[in-house]
Amino acid sequence: MNSPRKKHLTLKILLILVSIDLLETLAQFCFKKSALSFSNFQINSFLDVLNFIKTIIPSGYLWLGLIFVVLIFITWSTVLSRIDLSVAVPVCSFSYITIPLVSMIFFHESISWVRWMGIFLIIIGVILVSMSSVRRKECP
Amino acid sequence: MKLGIFYIIGLVLLTDICDTISQLFLKSSINSIDLHINTFKKALELVIRLAKIPVVWLGFVFSGISLCIWLFVLTRADLNFAYSVDSMRYILITLASMTILKEKIGTIRWFGIIAVVSGIMLVVLG
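Here the protein sequences line up with chains A and B, keeping their order.
Be aware that the first sequence starts at 1, since it is given in my numbering, and climbs by one per residue.
Be aware that the second sequence starts at 141, since it is given in my numbering, and climbs by one per residue.
A couple of the hints might just be wrong.
Residues from chain A shown here face chain B by an in silico Cβ test under 10 Å; the list is partial [as the list claims (entries may be wrong)]: (1) Leu23; (2) Thr25; (3) Ala27; (4) Trp76; (5) Ser77; (6) Pro90; (7) Val91; (8) Met104; (9) Trp116; (10) Gly118; (11) Ile127.
Honestly, the hints are just simulated from the structure, not real lab data.
Small disclaimer: the values here were computed from a predicted structure and weren't measured.
Each residue gets a CB set at the ideal place from its N, CA and C atoms; glycine is no exception.
One chain only, chain B, in its complex shape (with noise of 0.2 Å):
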């Protein structure tokens, strides 16, 4: 059975919030802990201190959710289609990181994105 393209264009956004979601939640953890890493030792340690934190784990249950709305897009829809849609993750990964995490982001990096976007589409779809 084949999805109309407004369903699986609404799946996969579905599955890059839950991405971003996931993304947010792992990077506002790490900032909470704000340890300085120069060793192998010391990555493992901000590991070891993010398994404790709650939402970290629940970022993984987006993930999961991600990666099951996904599974089943592949099984329905058009490969390279679901992927050049996915690819607007990185638009709200930068907007979530912007407006949640208060990152400064430039015309340079905007540009930047919009590229990488743009490549990303041009791969997937060439």
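Only chain A is shown next, with the shape it has when bound in the complex (with noise of 0.2 Å):
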């Protein structure tokens, strides 16, 4: 007989969780960080994006970005092993919050009170979503 499997969020997968976050942030300052180096590339075309690539290809902050991209399906997959897609999904969203914040820090890029707001309901909404997948009590 298999044991019933737990499926509910732990506090473990919750830290799983926002450290996928994390890392979706730093792939992400990775990518921003290898673009930026070429800034004067002009797009204009689906061609011109290949070229793009192409010429960011010996970025090694490129390479890091996707070494971190690796980690997060890795991650990822452990995560949807234990949980539902819809609690992990929302929870996961945590990067509405640290990408602005990276933003602000290291791209000196500002954060209005609305954004502010919306990082607040995002909190709210992700706490709403872990408590719907929180064991609860079994009655006797």
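Fit the two chains together into the complex; they arrive one by one in their own frames, and the hints show the way.
Below you can see the structure in the form of structure tokens.
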């Protein structure tokens, strides 16, 4: 007999999901860095996109970013083996918070009060979704 | 060249549909493997077993298509607007999880997802 599989969110899985968001932010940071070093490149057509990708292939940041993407896939698959897709996806929206923060700190972009409100709403939403997946105490 | 608003919404929704399909393929494959992961080695084992499932690769193809459409949209549309429409992916994934993967979604989870979607809209439009 198989023991019933745990399908609820635990603190460990929540921490793994947050680390996916952090990895995602690191990956985006690397991609932005590699793209910025070629910012004089003009993109007007689909062919330009391919040429642009060819140009940035030697960039170390691009490869570092791709390593993060592979790590994300391994971690994401692990998480999906434990919890519902409809929980994993919304909880992973932390990157909508971390990416503006990183943009603010490293690329000196500003965050308006509307954005701060959005960040607040996302946090509330993530808490609600997480709550919906936490195992409740079984009543006797 | 700027594209019409409905054209942009349509293309962004198309990327979301492709991503949803890709996630559904991945999740259903993982469900079929049914491996209990407690070490990094086990996680690698899962990824290797996933790599042998054709549907997972089909999912990658859908992700690739989605990325291409998305890059095309980004060159032709207002970034913030495109990103705000893109937040609809959360609704699509939830509906797909509910109908296809038979996940049970209660009121609290729906409220949470709606809060996340509205939050994202504020972040990208604000």
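Should the interface hint for A:Met104 be scored as holding, given a Cβ-Cβ cut-off of 10 Å against chain B? Constraint on A:Met104 not satisfied, violated at 12 Å.
Hint check: is the beta carbon of A:Leu23 less than 10 Å from a beta carbon of chain B? violated, 14 Å
Evaluation of the interface hint that places A:Gly118 against chain B, nearest CB under 10 Å: Check passed: Cβ of A:Gly118 comes within 3 Å of chain B, closer than 10 Å.
Under the criterion of a CB-CB separation shorter than 10 Å, is A:Ala27 in contact with chain B as hinted? violated, 14 Å
Supplied contact hint for A:Pro90, tested at 10 Å Cβ to chain B: Cβ of A:Pro90 sits 5 Å from chain B, so the hint holds.
Chain B contact restraint for A:Ser77 - C-beta distance below 10 Å: Constraint on A:Ser77 satisfied, holds at 5 Å.
Does the interface hint hold: is A:Ile127 within less than 10 Å of chain B, judged Cβ to Cβ? holds, 7 Å
Close enough to count: is the Cβ of A:Trp76 nearer than 10 Å to one in chain B? Constraint on A:Trp76 satisfied, holds at 8 Å.
Using the nearest Cβ pair, does A:Trp116 come within less than 10 Å of chain B? holds, 8 Å
Hint check: 10 Å Cβ-Cβ cutoff, A:Thr25 to chain B: For A:Thr25, the interface hint is violated, since the closest Cβ of chain B sits about 14 Å away, which is over 10 Å.
Interface hint status, A:Val91 versus chain B (Cβ within 10 Å): holds, 9 Å
Taken one by one, the earlier hints fail for this structure at numbers 1, 2, 3 and 8, listed in ascending order.
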